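Input sequences plus hints: build the corresponding full structure.
There are 2 protein chains.
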Amino acid sequence: MKKLKRSARLVEMTQYLLFRPHTLIPLTTFADRYSSAKSSISEDLAIIKEVFELEGLGELLTMAGAAGGVKFIPKVPKAISLQFIKKLCEKLAQPERILPGEFIYMSDILGQPSIMNEVGKMFASAFAGRDIDVVMTVETKGIPLAYATASYLNLPVVIVRRDNRVTEGSAVSINYVSGSNKRIQTMSLARRAMKEESKVLIVDDFMRAGGTIQGMMDLLKEFRATLKGVGVFVESGEVVEHLVEDYISLARLTEMDAKTKHIAVVPGNYFDNEEVQNE
Amino acid sequence: MKKLKRSARLVEMTQYLLFRPHTLIPLTTFADRYSSAKSSISEDLAIIKEVFELEGLGELLTMAGAAGGVKFIPKVPKAISLQFIKKLCEKLAQPERILPGEFIYMSDILGQPSIMNEVGKMFASAFAGRDIDVVMTVETKGIPLAYATASYLNLPVVIVRRDNRVTEGSAVSINYVSGSNKRIQTMSLARRAMKEESKVLIVDDFMRAGGTIQGMMDLLKEFRATLKGVGVFVESGEVVEHLVEDYISLARLTEMDAKTKHIAVVPGNYFDNEEVQNE
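Residue numbers (the numbering used here), protein chains in the order written: chain A, 1 to 279; chain B, 1001 to 1279.
Keep in mind the hints are simulated off the structure, nothing from the lab.
Mixed in with the good hints, there may be bad ones.
Stated by the list, open to error - Pairwise CB distance ranges, derived in the manner of DEER restraints:
hint, chain 1, residue 1, chain 2, residue 2, range
1, A, 31, B, 1079, 37 to 43 Å
2, A, 77, B, 1184, 16 to 22 Å
3, A, 95, B, 1080, 25 to 31 Å
4, B, 1055, A, 40, 45 to 51 Å
5, A, 87, B, 1192, 18 to 24 Å
6, A, 177, B, 1103, 43 to 49 Å
7, A, 262, B, 1183, 42 to 48 Å
8, A, 274, B, 1171, 37 to 43 Å
9, B, 1090, A, 177, 41 to 47 Å
10, B, 1080, A, 40, 23 to 29 Å
11, A, 255, B, 1039, 51 to 57 Å
12, B, 1090, A, 130, 51 to 57 Å
As the structure is a prediction and not an experimental result, all values here were calculated from the model.
All C-beta atoms, glycine included, are put in the ideal place defined by N, C-alpha and C.
What follows is the structure, given as structure tokens:
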């Protein structure tokens, strides 16, 4: 690459880092790329670091030494996320979202990549420090959330199928009871879809009693995999006893009455302390 | 926001533009944001524009006048995309990908957000000039491609379900014959999931005869929607007669022999002219 002026180099390095989250980039990569001295690169990184922090984009970690370099860790401050979630809660509380069977219509929200990216960034912030190999979800609605999260964590995604029509060679199937309708259902995952002993983050769009997530946790055992975290976009707060104890939720559906057409949605447990501070 | 130095402003504007593709941003937005003169902002944009073009990230369109501003159009040059696709073709041609029933195992590739983002950028480049309201796909494997594409085009995604268990109020179901196994199958879409008369881009991961895509096209009629384009990641070149005529493919499976364990995958029709130029 031809030698760039500092101004152009800053633009170039910014996009380079933004598209490579959780990836260690040796300073020599930049120095070679721009035919610049490492000292200039370090000065550039200091400027970028300041803006990323100011903007709530994330941290720029610099590691010294032979194996050193710089790593961009996307991390949105909770206070910024909370503002975003509060607006989403208002949208989710629209009466016309009430569906038969106490379901809530969210496809319009889940269908917006810009919202999914924000939500993915929140999960990536929440789970940034954990040692994770793969993000898992079950088809269909959790998929965009899992990809957005995985994208910011620089991890692959594994999608569990809701049937056993898997056409990908040998597969592991388990039965689970969905909390929503108490029916026994099947979920399955191809053997080759996930390495044994993987460290897994489970992400899903909605959790009522947690039967579906419990199902995925049972599936993990078949792969001798370890659960590293559970993130749900919206949880139903009407359930007294959850099958899953340790999870992060971004929003909580606290009331839904089909007769009076009343829904109430509040920020989830991820913001518990933040809420207290704000009020 | 406090007044930033030019260097910091460049970093800030770069990330701002990258996260808002296909969105018109008035110059006053930047001028107000950084308490800077419009002339300085214009100079910054010229620097960013040059780097974006040099890097093959896309175009920065500046529109003059009262309704003017700047718009980032992600667009990867075909020559860069072709290099990426050629490497993917090599990966796809690994003999262990052959599955019973002449399926090809792609879940590991579809499971990598970074690859999906690249592929999404290619579709966004290919369809950038078309007037599209929504990106449509059918569950399950096309979903990450649809989101990646829609993210770069700043559009919402609509996911067609492969059953009629839609729990989202009234839905339209159609029957279609999947080219893969000649069985009659059902796909459905909730009425509220897509506005009537929408302009639609269809995206899917794999196309054999095109029965599934034809099914989505039939579904469009029920919504009085218009097809604006079809993008498939991998097409099977072994099929003589496609049900779908006008589509863009990024890769083409030309041979698959389960006995000899031979697969051949070449770049798709998107690169047809590019290929000729290169060879």
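Here's how the hints hold up against the structure:
1. Take residue 31 of chain A and residue 1079 of chain B: their Cβ atoms lie about 27 Å apart, and the range 37 to 43 Å is violated.
2. Remark: the range hint 16 to 22 Å for residue 77 of chain A to residue 1184 of chain B is contradicted by a beta-carbon distance near 52 Å.
3. Distance hint check for residue 95 of chain A and residue 1080 of chain B: the Cβ-Cβ separation is about 49 Å, which falls outside the suggested range of 25 to 31 Å.
4. Between residue 1055 of chain B and residue 40 of chain A the beta carbons are some 19 Å apart, a value that contradicts the proposed interval 45 to 51 Å.
5. Checked against the hint of 18 to 24 Å, the C-beta distance between residue 87 of chain A and residue 1192 of chain B comes to roughly 21 Å, which is consistent with it.
6. Against the hinted window of 43 to 49 Å, the Cβ-Cβ separation of residue 177 of chain A and residue 1103 of chain B comes to about 31 Å, which falls outside the hint.
7. Checked against the hint of 42 to 48 Å, the pair residue 262 of chain A and residue 1183 of chain B passes, with Cβ atoms roughly 44 Å apart.
8. Range check, residue 274 of chain A to residue 1171 of chain B: Cβ separation about 39 Å, and the 37 to 43 Å hint holds.
9. As the Cβ distance of residue 1090 of chain B to residue 177 of chain A is approximately 44 Å, the hint placing it in 41 to 47 Å holds.
10. Taking 23 to 29 Å as the suggested C-beta distance range, the pair residue 1080 of chain B and residue 40 of chain A conforms, at roughly 27 Å.
11. For the hinted restraint 51 to 57 Å between residue 255 of chain A and residue 1039 of chain B, the CB-CB distance of approximately 54 Å keeps it satisfied.
12. Look at residue 1090 of chain B against residue 130 of chain A: about 33 Å separates their beta carbons, and that is not inside 51 to 57 Å.
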